[in-house]
Structure formats: structure tokens, C-alpha cells
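Engineer: Go by the hints and put chain E onto chain Y.
Chains as they are written, first to last, in numbering that gives the first Met the number 0: chain Y, 0 to 419; chain E, 0 to 107.
Note that these hints are calculated values from the structure, not bench results. Among the hints, erroneous ones may be present.
[As the list claims (entries may be wrong)] Calculated cross-link-like contacts (lysine to aspartate or glutamate; reagent style EDC-like; alpha-carbon spacing at most 16 Å):
1. Y/K110 with E/E71
2. Y/K75 with E/E81
3. Y/K214 with Y/E246
4. E/K2 with E/E96
5. Y/K320 with Y/D45
6. E/K92 with E/D58
7. Y/K156 with Y/D171
8. Y/K75 with E/E71
9. Y/K324 with Y/D314
10. Y/K116 with E/D31
11. Y/K353 with E/D31
12. Y/K116 with E/E77
13. Y/K214 with Y/D171
14. Y/K31 with Y/E397
15. Y/K179 with Y/E205
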Amino acid sequence: MSIDTIEPDTVERIASLPIDQIDVSRPSLFQKDTIGLFFNRLRNEDPVHYCRESNVGPFWSVTKFDDIMAVDTNHKIFSSEAKLGGIAIQDMHSVEGALELEMFIAMDPPKHDQQRKAVTSAVAPSNLQLLEPTIRERACQILDDLPVGEDIDWVDKVSIELTTMTLATLFDFPWEERRKLTRWSDITTAAPETGIVESYEARRQELIECAMYFKGLWDQRINEEPKNDLISIMAHSPATRDMPFLEFLGNLLLLIVGGNDTTRNSISGGVLALNQNPDEYRKLNGDPSLIASMVPEIIRWQTPLTHMRRTALQDWDIGGKQIRKGDKVVMWYLSGNRDDTVIDRADQFIIDRKNPRHHLSFGYGIHRCMGNRLAELQLRIIWEEIHKRFAKVEVTGEPERLFSNFVRGITKLPVRLHAR
Amino acid sequence: MVKVTFVSNNGTRREVHVAEGETAREAALFNDVPGIDGDCGGACACATCHVHVDQAWIDKVGRLEEGGAEAELLQFAEGANEYSRLACQIPIKPTLEGLVLHVPEQQY
Numbered sequence: 000m001s002i003d004t005i006e007p008d009t010v011e012r013i014a015s016l017p018i019d020q021i022d023v024s025r026p027s028l029f030q031k032d033t034i035g036l037f038f039n040r041l042r043n044e045d046p047v048h049y050c051r052e053s054n055v056g057p058f059w060s061v062t063k064f065d066d067i068m069a070v071d072t073n074h075k076i077f078s079s080e081a082k083l084g085g086i087a088i089q090d091m092h093s094v095e096g097a098l099e100l101e102m103f104i105a106m107d108p109p110k111h112d113q114q115r116k117a118v119t120s121a122v123a124p125s126n127l128q129l130l131e132p133t134i135r136e137r138a139c140q141i142l143d144d145l146p147v148g149e150d151i152d153w154v155d156k157v158s159i160e161l162t163t164m165t166l167a168t169l170f171d172f173p174w175e176e177r178r179k180l181t182r183w184s185d186i187t188t189a190a191p192e193t194g195i196v197e198s199y200e201a202r203r204q205e206l207i208e209c210a211m212y213f214k215g216l217w218d219q220r221i222n223e224e225p226k227n228d229l230i231s232i233m234a235h236s237p238a239t240r241d242m243p244f245l246e247f248l249g250n251l252l253l254l255i256v257g258g259n260d261t262t263r264n265s266i267s268g269g270v271l272a273l274n275q276n277p278d279e280y281r282k283l284n285g286d287p288s289l290i291a292s293m294v295p296e297i298i299r300w301q302t303p304l305t306h307m308r309r310t311a312l313q314d315w316d317i318g319g320k321q322i323r324k325g326d327k328v329v330m331w332y333l334s335g336n337r338d339d340t341v342i343d344r345a346d347q348f349i350i351d352r353k354n355p356r357h358h359l360s361f362g363y364g365i366h367r368c369m370g371n372r373l374a375e376l377q378l379r380i381i382w383e384e385i386h387k388r389f390a391k392v393e394v395t396g397e398p399e400r401l402f403s404n405f406v407r408g409i410t411k412l413p414v415r416l417h418a419r
Numbered sequence: 000m001v002k003v004t005f006v007s008n009n010g011t012r013r014e015v016h017v018a019e020g021e022t023a024r025e026a027a028l029f030n031d032v033p034g035i036d037g038d039c040g041g042a043c044a045c046a047t048c049h050v051h052v053d054q055a056w057i058d059k060v061g062r063l064e065e066g067g068a069e070a071e072l073l074q075f076a077e078g079a080n081e082y083s084r085l086a087c088q089i090p091i092k093p094t095l096e097g098l099v100l101h102v103p104e105q106q107y
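Chain Y extracted, bound-state conformation:
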């Protein structure tokens, strides 16, 4: 998010908007990447901000690091429950024709805890160590197949390919059909205005196909000895094996989405950030051991999920503002990750910063991202292998961004590779 690339009159216009007219739910602000200017204003002038009218109804924006942390760790007051609206600014279940999925990310304890515990072992560090050689082998293959010196789309050729392969590995998914996973992930978070699906009804049809496909895999795994893949774990674990079908589907999709466009967009976002900050790229080329701290910095910088949403179960104070029972409260991780009262030079991409993991991208508290180490593992591997092969991944054109207020996505990133 660089102010230099935004038209001066746009900067001026945003600076002169009355604060109560600011509506950060508009997906176009994220697509144009002007959203940072709005968050700068909210953090400075009205850090816990009420938006009375918007396409998603009235909502509170929590924009500072410490306030976000306070909400995120207070799940007894701030609920994730789907029936109250769930975890995104757009209410779940509010849209006609949408499929009512149930996922543990949108549940409160105790049900959340049981279901999360059941699947968490698949992405636990000990299991990841077993996966690392496979992920590396696949990353090498992806990079070795890329043409040097030609214009290619990094998103399609690398970011999507690597995360999809990793997911297929985690689910032990039929290899040749793995791009189905990408498609299902994309449609799970898509609203019709993104252009990804035509309508909620069309989305529903595709999700039912997805459900039938996974039902087939489930039936197959449940009749086999338990294995280490996620479907087998869910089919055999007492906490998940008798799940109602929509819950099974919801939790599977949660794992797919959680492991897919988040990591995908961080892989793309890292390339973009290094190109926008050539001094940092030089630092990296001079000392590849900096990949260890660069990876969490990329995840902070990209903030692949812009927010999580909660619903207040009772009246509560956040940063001096009175929240009412039933209010929609949005924790803007993208804003908290630029809060320079907590993060030193938060508006700069610095690959060797101290405490690089002190960011909000994974959330905090009981809903903290359970795939965080897997995300870091994939990013570390891809950058280690990029470094061995290419002196530079040069961005050669304007990136295209996703029309979404939830997924901070890069849909196209033209690059040219320079051999080492």
C-alpha cells in the first residue's frame, strides 16, 4: 500500500471526507488499494468508528492493534456464532440462495473447541515436518518449469499452483483434479459482485457438487485404516465422524479456504513488496538467512484476511466507545498491522525487523489461525528455492486486485524472471 501510486486528488478527497461518512466496507476501496488512507484517518481521528449506513448494515470498526487484541481475546463477550452473523462483515446466512455452511471458526465454545481439537493435529508442527520434503519437492518442480526472461503471471503459475498442491497433499486429494480445490476455495468466500460466481444460486450448485465429491472421498477413507490426511482424520475422529453433513462440508471448506487464498496472496504479496522496496530486495539477495524474518513480515504486510467480525453478546466498552448488545464489531487486522504505536515504522516493509511475528494477520485468542506454521513453512520453502534459482522476480506490470472487503487478494501479477 503505497501512497505514491495513488492519484493526488484522490488522496486529497479522502483526507477531506467527514469522518462519519467513511465506510470501509466498500470492496472497491480494497480493489483500488486506497483503503489504507481511510484506515490511517480512522486510527488517528476515531479509532473505534461507527458506520451507521452501509451495504452490510451498521457496524463498528476497531482499527488499533491493542483494541483489536482486546476484542479478539474476549470471546465470551464477542461471539463468532454463525447464527448471529458469523465472522465476516457480510452476515452469514443473510443471503437468499446461499448454502448454510457450518464451520468451527463461526462457533463459540464448547462446540468450537471440540471440533478444532479434532482437526488441529493435521497441521501440528510434528505433522508438518513430515510434509516439508514433499512441499519442497513440489515447489522445486514448479519453479524449474518456469520460463526465464518471458512475461508470466506469477499468481497463476506459482502462488495458486503451490498452495493448491499443498492442499491436495494435506487432503490426499486426487492429484489431477486438484484445481477443483482452488475453485471451491474461491467460491466459498465469493459474492456475485466479485465476478467469481454468477449468483448465490450458482454458487450453491457448485458447493453441492463439492459436497458430493468430498462425500465420495469420505466414504472411501472411512473404510480404510486411519491415515494422516485431513479427510481421514475427520472421518475417524470421535469429535467429527458423526457430524451433520453441512457441518462436515463447512469444516472442510474452512480448511480449504484457510489454507488456500491466504497463503496464495502472501506468496504474491511478497514478490510485489520486494519490488516496491528495492533496498529490501538487495538485503535479501545479500543474506538469504533473512528469509526467516521476512516470511512473517510478508504475512503482516499482506494481511491476506483484512478482518474478522464478532457480535457483542452484551453492552461493552471498546476504547471508550459504548458497544451495545447485538452490535456488529469488525476487527480490521489490515489497519492494526499498520498501527505505529505498537509496530515500529509500521508503514514500511522491513525484512529484518525485530519481533516480526508480532502482527495480527493470524488473529489472537481461541480462533487464532491453526495453519499459521504451515503458511510460514510454505512461504519459507518457496523463498529459499526462489533465491537459489533467480536473481530477481521482476514485476513488469500493474497488479490486479480482488474486489473484496474480506480477502486481500492479488488476482494477477505480471513478472519476468532473471536467472541467478
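Structural biologist: Then chain E, alone, in the frame of chain Y:
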């Protein structure tokens, strides 16, 4: 100063000296003890400073409070057991002179 020993997963022992009032997480981070991440900054919000308190010390340190925020987070941590605590929730005091903490293989 209070002496605290961190024992890594491979058995390596690291002795550090901690000022009273600091937490065991800070003791590890300030002295570059490997294996303690502490992503959230010591707010009992991420469970990446998980340690196993040595059996001989668990009663002096205190066990997990059932149903508390720390227990809620540790239930998802790999290898958590009855000796598990978050280092950020262990304030160092003179009665803990000689405390021994075991660092798990990886934080999560």
C-alpha cells in the same frame, strides 16, 4: 536476580538470570533461548510460549486454572499436558530460584 534453567527438546540446558517481576517468556526472549516464540507479546493470546514446568516445580509455579484463558489456548497446543503453562503467565519471584522449564519441540 533469579536463576531459571530452560531445557530444550534435545536435552540442552540453558541457565539464565532473570529480574524479579519479569516473566519466564521475557527470560527466554531477552536471553535468546531458542524455542520460545511469544508472538502475541505476552498477552496470553497465542500459546507460542508453551513450556512444560519440571515436575518438581509445578506446585510452586502453580497449575493451569481450569476454564481460564490460558487453559483455553493450551488445549489446542501440541503435546500439552498437566505440566503445561504459558511462559508469559509465569512471573518470576524469589521462591522460584532454580526453576526448571522444559521447552517443547516446536511452538504452535
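Engineer: Each hint needs a verdict: does it hold in this structure or not?
Structural biologist: Now for the hints, and whether the structure bears them out:
{"no.": "1", "hint": "Y/K110 with E/E71", "result": "13 Å, holds"}
{"no.": "2", "hint": "Y/K75 with E/E81", "result": "25 Å, violated"}
{"no.": "3", "hint": "Y/K214 with Y/E246", "result": "12 Å, holds"}
{"no.": "4", "hint": "E/K2 with E/E96", "result": "5 Å, holds"}
{"no.": "5", "hint": "Y/K320 with Y/D45", "result": "10 Å, holds"}
{"no.": "6", "hint": "E/K92 with E/D58", "result": "14 Å, holds"}
{"no.": "7", "hint": "Y/K156 with Y/D171", "result": "22 Å, violated"}
{"no.": "8", "hint": "Y/K75 with E/E71", "result": "12 Å, holds"}
{"no.": "9", "hint": "Y/K324 with Y/D314", "result": "5 Å, holds"}
{"no.": "10", "hint": "Y/K116 with E/D31", "result": "31 Å, violated"}
{"no.": "11", "hint": "Y/K353 with E/D31", "result": "13 Å, holds"}
{"no.": "12", "hint": "Y/K116 with E/E77", "result": "10 Å, holds"}
{"no.": "13", "hint": "Y/K214 with Y/D171", "result": "14 Å, holds"}
{"no.": "14", "hint": "Y/K31 with Y/E397", "result": "11 Å, holds"}
{"no.": "15", "hint": "Y/K179 with Y/E205", "result": "10 Å, holds"}
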